[in-house]
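S.K.: Sequence:
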Amino acid sequence: MGIFDFLKQKKPAVTETRKIKLDETREFISKKKQELSSKEADAVKVIKSEIKSLGFEFETEISAIKRIDLKERKVEERIRLIVLENAHLFSSHVEKLKENLENIKSGSLPEVIKILNADFQEFKKNLLLALRKRDFLSAKSLEM
Numbered sequence: 003m004g005i006f007d008f009l010k011q012k013k014p015a016v017t018e019t020r021k022i023k024l025d026e027t028r029e030f031i032s033k034k035k036q037e038l039s040s041k042e043a044d045a046v047k048v049i050k051s052e053i054k055s056l057g058f059e060f061e062t063e064i065s066a067i068k069r070i071d072l073k074e075r076k077v078e079e080r081i082r083l084i085v086l087e088n089a090h091l092f093s094s095h096v097e098k099l100k101e102n103l104e105n106i107k108s109g110s111l112p113e114v115i116k117i118l119n120a121d122f123q124e125f126k127k128n129l130l131l132a133l134r135k136r137d138f139l140s141a142k143s144l145e146m
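Start counting the sequence shown at 3; every next residue gets the next number (this note's numbering).
Derived by calculation from the structure, the hints in this document are not laboratory data. Beta carbons are placed, not taken as given, at the ideal position from N, Cα and C, and that holds for glycine. Honestly, I wouldn't trust all of these hints.
Distance ranges between label pairs, derived from CB positions [as the list claims (entries may be wrong)]:
| hint | residue 1 | residue 2 | range |
| --- | --- | --- | --- |
| 1 | LYS98 | GLU74 | 27 to 33 Å |
| 2 | LEU86 | LYS41 | 44 to 50 Å |
| 3 | LYS54 | GLU18 | 43 to 49 Å |
| 4 | ALA45 | GLU18 | 17 to 23 Å |
| 5 | ARG82 | ASN128 | 21 to 27 Å |
| 6 | THR62 | ASN128 | 18 to 24 Å |
| 7 | SER110 | THR27 | 23 to 29 Å |
Go ahead and model the full structure; you've got the sequences and the hints to work with.
M.R.: The following block contains the structure:
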């Protein structure tokens, strides 16, 4: 890679062009709309299947969180209670996220993406502090 590579001409992107007659435009547009809607429906199906597999992962993580045992740790009882309470709070928020994701209705791709973003933003906002407190003592307890 040389110093003057930015001066080289870039190859233009190849785009498919096709001439159509004016009376064929409605048919062409409707065909393209059908193609796009079928691709969008396929993308929504993929998102739904990923949500389903994510739900199974959430279940294993929730069960691991509920098995946290801090009785052997030599710390103040107050700290132990704070950590256990925040672990419970974390698991309840994960369960809420799981329910929200599973209840997403099929719709257009932009609608589904908007709902997913809102759900994950809410989850992130609710959990940041609880997650930090939980990790204070229980990081080793979560290892399987």
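S.K.: Please go over all the hints and tell whether each is borne out by the structure.
M.R.: Evaluated hints:
1. The hinted range of 27 to 33 Å is satisfied by LYS98 and GLU74, whose Cβ atoms lie roughly 30 Å apart.
2. Under the hint 44 to 50 Å, the C-beta atoms of LEU86 and LYS41, about 47 Å apart, fit the expected range.
3. As the Cβ distance of LYS54 to GLU18 is approximately 36 Å, the hint placing it in 43 to 49 Å is violated.
4. Under the hint 17 to 23 Å, the C-beta atoms of ALA45 and GLU18, about 22 Å apart, fit the expected range.
5. Between ARG82 and ASN128 the C-beta distance comes to about 23 Å, which sits within the given range of 21 to 27 Å.
6. The beta-carbon spacing between THR62 and ASN128, approximately 21 Å, falls within the hinted interval of 18 to 24 Å.
7. In this structure the supplied range 23 to 29 Å holds for SER110 paired with THR27, their Cβ-Cβ distance being about 24 Å.
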